[in-house]
Amino acid sequence: MKKTLVKISIIFVCFSINLSAQERYAIISNKNLGHLSLSQIKAVFLKKVSYIGDTKMIPLNLNSRSKIRKSFEKNVLKMNLSRLKSYWIRQHYLGHRPPITMKSEESVKSFVKKIDGAIAYINVKNIDSEVHILYEWSD
Amino acid sequence: MNKIITLLLGLLIYLHAEEENTYKLGNGVQIASLPMYIGGYISMDYYHTDDENRYRIDDIAFLSYGNHNKFSYMLEVEFQELYTITETDGHTVTQNNNRLEIERLYIDYNANANYLLRVGKYNSPIGFWNMLPINILRETTSSPQSTYVIFPTFTTGILTSFSSFKHEEYEIDILLQHNQDLDSNYNNYVVDEHYGFGITYTTKNDLHLKVNAGVFNNIPHNGLASQNLYYALLSAKYENNNFEFIGEIGSQRSKHEATTNYAWYTQGLYRFQEKHITVLRVESYDDKMNNNFENIAIIGYTYRPTYPIAVKVEYQFHSNWSKNKFLSSLSVLF
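As given, the protein sequences belong to chains A and B, one line each in that order.
First residue of the first sequence? That's 373 in our numbering, and the numbers climb one at a time after it.
First residue of the second sequence? That's 26 in our numbering, and the numbers climb one at a time after it.
Source of the hints: derived by calculation from the structure; they are not laboratory data.
Check the hints yourself; a few may be wrong.
Said to hold, decoys possible - A few chain A residues that face chain B, going by a derived Cβ cut-off under 10 Å, partial list only: (1) Asn402; (2) Gly406; (3) Val421; (4) Ser422; (5) Asp426; (6) Phe444; (7) Asn447; (8) Ser454; (9) Arg455; (10) Ser458; (11) Ile461; (12) Arg462; (13) His464; (14) Pro471; (15) Lys475.
Quick caveat: nothing in here was measured; it's all calculated off a predicted structure.
All C-beta atoms, glycine included, are put in the ideal place defined by N, C-alpha and C.
Put together the whole structure using the sequences plus the hints.
This is how it looks when you write it as structure tokens:
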């Protein structure tokens with residue numbers, strides 16, 4: 373019985389460690405923007421939508437080497453790098469530009485706070501009370 | 026010809042200068058800090074049949090676009106079939122076309138998230154292929170016949186679009202033309218009226234379904250009489266990270282008879298590595314107006330060393346074997 377309890381405890385601890393190791397990310401805006409569905413968020417980042425209501429939308433990307441950006445493209449946009457490249461080349465022909473790229477989570481967060489319509493993705497642990505969470509996901 | 030080469034060299038020097046800072050091939054460049062971007066594309070192709078060889082600089086095109094507040098614009102001008110050498114039975118014919126054609130010129134007004142109003146000359150939003158018709162954006166050098174025979178590929182007039190992305194994605198387009206083409210040399214039909222609509226529905230799994238219908242007045246040219254032609258087209262497209270399937274089927278008739286009984290194609294492509302793509306397309310059409318009937322199967326391969334550069338080869342098997350053809354092309358988007 374003792375051995376079984378020890379085994380269960382070890383499994384529980386391992387599982388907890390695994391859970392805590394899983395990174396959580398969020399798409400954020402400032403507090404003036406209302407709720408957006410996941411389809412709307414995708415449409416904004418793929419520049420299919422320029423306005424929500426009367427607010428001009430400004431999606432922001434992190435650097436292409438960013439781990440968060442890779443997770444965002446895989447889990448939210450559900451597109452791999454070559455498909456995204458193909459998508460943005462086609463958009464160039466149609467007159468649309470890819471989102472602006474910023475270097476750090478800090479810079480996107482301060483941009484989002486100041487500019488209505490700006491949306492970006494950052495690690496949940498970097499979120500503060502001045503931003504509004506639109507969507508959360510984990511790796 | 027010299028002027029064109031000078032223009033191209035000037036542009037390449039400019040792009041090279043920009044490359045030091047932010048330029049990436051295939052993304053165009055911003056002019057100073059203005060809401061204006063320029064870019065373009067080039068394509069060259071070669072085909073071989075039993076009777077003929079043709080070498081061609083097919084397209085040299087320049088794009089300019091930008092937006093300010095709710096307005097945006099697009100301009101595309103092009104030298105089409107700039108330089109062609111055709112060899113037939115030992116005879117060689119060389120042709121030049123230095124005329125700069127207006128391919129697209131329009132202004133958009135984005136009223137809000139859902140409504141868009143477009144005025145000018147634009148790609149008719151019919152089917153999926155016609156929205157991205159240039160060599161560099163597709164995976165075969167050739168385009169299916171159904172994309173030429175059913176409807177006018179360009180419309181000069183008004184387009185209104187309603188789209189919704191809230192839960193599932195759909196779009197309704199209404200297109201209206203009641204005037205001459207902005208550049209009638211650059212359209213597959215010479216039209217002075219065109220009315221049509223389209224409904225596109227996209228599922229969460231990236232399956233796109235589209236229905237289009239409309240009518241246009243084909244004004245007399247090349248011995249064809251003026252007449253109203255009615256068309257309908259059904260299209261479907263599915264795309265994931267490795268595969269893409271696309272199919273379109275359409276029909277066209279005049280008031281009294283079928284002018285194209287049917288024209289359809291279906292194409293599958295497989296990205297077996299990031300830079301390597303294989304394509305298989307099957308198509309068939311029965312064009313009564315021009316007395317053409319054919320079944321065609323096409324196999325192709327595309328190599329993209331970087332996405333904005335494409336080297337393509339394809340072989341076409343026609344039901345009329347004498348038309349079997351080998352094609353290859355090089356295209357670049359800049």
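We went through each hint and held it up to the structure:
| no. | hint | result |
| --- | --- | --- |
| 1 | Asn402 | violated (18 Å) |
| 2 | Gly406 | violated (12 Å) |
| 3 | Val421 | holds (5 Å) |
| 4 | Ser422 | holds (5 Å) |
| 5 | Asp426 | holds (7 Å) |
| 6 | Phe444 | violated (15 Å) |
| 7 | Asn447 | violated (13 Å) |
| 8 | Ser454 | holds (5 Å) |
| 9 | Arg455 | holds (5 Å) |
| 10 | Ser458 | holds (6 Å) |
| 11 | Ile461 | holds (5 Å) |
| 12 | Arg462 | holds (6 Å) |
| 13 | His464 | holds (6 Å) |
| 14 | Pro471 | violated (13 Å) |
| 15 | Lys475 | violated (14 Å) |
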